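Novice: Assemble the complex: chain W is given as a structure, and chain U must be docked to it using the hints.
Protein chains: 2
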Amino acid sequence: MRSAKNIFSRTRIGRVTRAPRRQCANMSPMFAVLARDKESKARRARLTTTHGEIDTPAFMPVGTQGSVKGVSPRELRELNAQIVLGNTYHLFVRPGMDVIKHFGSLHNFMNWDGAILTDSGGYQIFSLAKLRKITQEGVEFQNHIDGAPAFISPEIAMEIQMLLGSDIAMALDECVAYPCEYDYAAQSAEMTTRWAKRCKKAHAVILGEVEGSRPTTSKLSHRDSSTAVRSARNDDALRQLLFGIVQGSTFEDLRKENAQAIVDLDFDGYAIGGVSVGEPEDEMMRAIEWAEPFLPENKPRYAMGLGTPPQLLELIARGMDMFDCVLPTRLARNGTAFTATGTINLKNAEFALETNPIEDDCTCEACREFSRSYIRHLIKAEEILGLRLITLHNLHFYLNLMNQARTEIERRTFDQFRKKFVANYKTRNAVMVQ
Amino acid sequence: MRSAKNIFSRTRIGRVTRAPRRQCANMSPMFAVLARDKESKARRARLTTTHGEIDTPAFMPVGTQGSVKGVSPRELRELNAQIVLGNTYHLFVRPGMDVIKHFGSLHNFMNWDGAILTDSGGYQIFSLAKLRKITQEGVEFQNHIDGAPAFISPEIAMEIQMLLGSDIAMALDECVAYPCEYDYAAQSAEMTTRWAKRCKKAHAVILGEVEGSRPTTSKLSHRDSSTAVRSARNDDALRQLLFGIVQGSTFEDLRKENAQAIVDLDFDGYAIGGVSVGEPEDEMMRAIEWAEPFLPENKPRYAMGLGTPPQLLELIARGMDMFDCVLPTRLARNGTAFTATGTINLKNAEFALETNPIEDDCTCEACREFSRSYIRHLIKAEEILGLRLITLHNLHFYLNLMNQARTEIERRTFDQFRKKFVANYKTRNAVMVQ
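Protein sequence lines correspond, in order, to chains W and U. So the first sequence is residues 1 to 434, counted in our numbering. So the second sequence is residues 1 to 434, counted in our numbering.
Chain W extracted, bound-state conformation:
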């Protein structure tokens, strides 16, 4: 056994305190499509997880290090967020798996009783960590905080995400950069497929192990109660779901082949990765369009790391159900707020005397209570409340956009809604994605 793996091996599973449960045969479907748009591939569906139902199309606020930046779990609940994303790599590096294991799950640790999707950690290992060696076996790397060496493989990615106790785990993939040579993209997509297969197998093995183990009670009994309530409410006990990821860069044949190969492995849901890596928007849309027809209708589809508000509607029209993006939280910290007509930067002098809120008809806390002028002052004076308020508004904007999309799909008027929204949104290309 290699030394780097030994360092990592302290995270080996064994004392998971909250055991994901096996899916029963007689349960309601994990994913149910409730309505379809007339003119596009948009669908309104419901995904059932261990920590509640997720209405799709759904936006997942990004909680990189166990916290959606600037926002409390209570505020997330008030925003009606049903699911957040946790970054496995960041959490592995800090606070580390010993701490998460001690709490039984990421839910317990961050006191969030909604659903959590964790990524595999691969994306950050390839983009943030000092990459030492990539082999078919896995990746040796040094983390970006203290340089400690570690090793990740498909099997270890499954173990870590099970320790995190996420409701949805992601298979380990390689997300190639843009632009990418065809040969590298082809080899990488093949490796991603082989890794996906190993993830599927390892996940099943771990689920079996966990099922056989006896859950112990966390010290934080009041936090466990929410889990207990949810489990009791859902007669059909659930397990952690596992999504496969389609790669293939910007090449039609690779995208199609890879989509088919990943779907053949029969995951609980499918993500399209390797988008939002710097490619032009039309390349991104094409990557989605090539892969989408291969994805089964009865499983959720997740477009990773996307996007601007118009992009989200375009992706919904192309059959995507789930999204995550750092834009609402990241841009807020720079003073940028989303509105129906595009982004505005509240640092601008034009807002100095504006007594109206960020958006007149918005129902978020920032818009109910505060003026553009005050928020501008807070941002200029580097007061934390300023970025808190814009973050709340931006998350509300994204979550509300999904809520509107769901309603419009139910009414079969989604396509008109999309066209109107995109036409009114003026800063479509002004905002960098990621």
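Hints were generated in silico from the structure; no laboratory data involved. None of these values were measured; they are calculated from a predicted model. Don't take each hint at face value.
It does not matter which identical chain is used: a pair holds within one copy or between any two.
[Said to hold, decoys possible] Straight line, CA to CA, 30 angstroms or less: simulated DSSO-like cross-link-like pairs of lysine-lysine:
1. Lys420 with Lys41
2. Lys419 with Lys200
3. Lys201 with Lys419
4. Lys130 with Lys380
5. Lys380 with Lys347
6. Lys133 with Lys380
7. Lys38 with Lys256
8. Lys130 with Lys347
9. Lys256 with Lys419
10. Lys200 with Lys256
11. Lys197 with Lys133
12. Lys256 with Lys347
13. Lys426 with Lys133
14. Lys130 with Lys419
15. Lys133 with Lys38
16. Lys130 with Lys200
17. Lys200 with Lys420
18. Lys130 with Lys41
Specialist: Leaving out everything else, chain U in the frame of chain W:
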């Protein structure tokens, strides 16, 4: 007229939208002492302002730039804060008086319907600004943000605070550094007295002017409604109160003479300034003890810029009613939390696996919902939620300490409570004041 004054003169009053009202003869007393401790000078009282009643002893969270750092007005209300402090100098520099005038008051601007005390701006002019020239007339200075020249005099300090619409304004004083030569301290205290007299006169003139003017309606009608409700509830209409400030450095005769001279001017309340400027704790206590006997029993007493939790109880025992201090918010940003046994720094490794909250019996949001381990992780990972949670806890700690003090005074058991608290508090000298 000097040119610096012209720059400042744009702030001259004239279109104040929320008019402070004259105190009526038949109203309930502005300040009512409700109970006294048996063994000390501690008193439990109630101060009535335009924006509600303030139960004393009271702690005032510091909202330097129109925001208590990291905390929203809603959270301040949930913490049962009745009054916050606003720094006139900071607000004058940014966002500037034009913006505040546009909103009608600082209350409207920051959407806080509790009471506000504003300082005179003198302290920051002497400590932060580039001081250009101090004369009997006033102080010429350049602000620390963009170096713009400005001039402040006792009269201008009153005008600005009236524009801010604070419930309690402070007279302009010179807060001398520690240590200070006797002769300088004596001359400075005399000037502070002359300035106090001019403040009193200017304040009365402005109140008369405002009374004569006709209030206009703010554009933010929902914000004005809270003011209207409060005004309607209090049959006895109120005006902005003005507190005098006692100086005199660390010299017994100067403190006593200055206290008598300031009290002779008949202010609505009295502050003891020039403390918490780096002097040893016993010097600070002596400065308070020298001045206190000169302060009338039927007026509130405010110890400026203080202090640690044990210091607050010691000052209450010495007859002080009101306090402001940046420690709860400033230390929170460094990961330091207050507990009944002293401060703890949550960055320390010992907290890495602690599932219990900051304080076991604490009822604040941070302690109800989150573990020491999680908060430590957030602080280490520089997540904003970490400092938010510790700030909430620390403010709760200070406000709750005042609440306990009031209850103990009512029960006539304050002195035992103080002694026990101080004895249990281990880090008494570990925390720098200011």
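Novice: Which earlier hints can't be squared with this structure?
Specialist: Hints 2, 3, 12, 13, 14, 15, 17 and 18 are the ones this structure does not satisfy, whereas the remaining hints hold.
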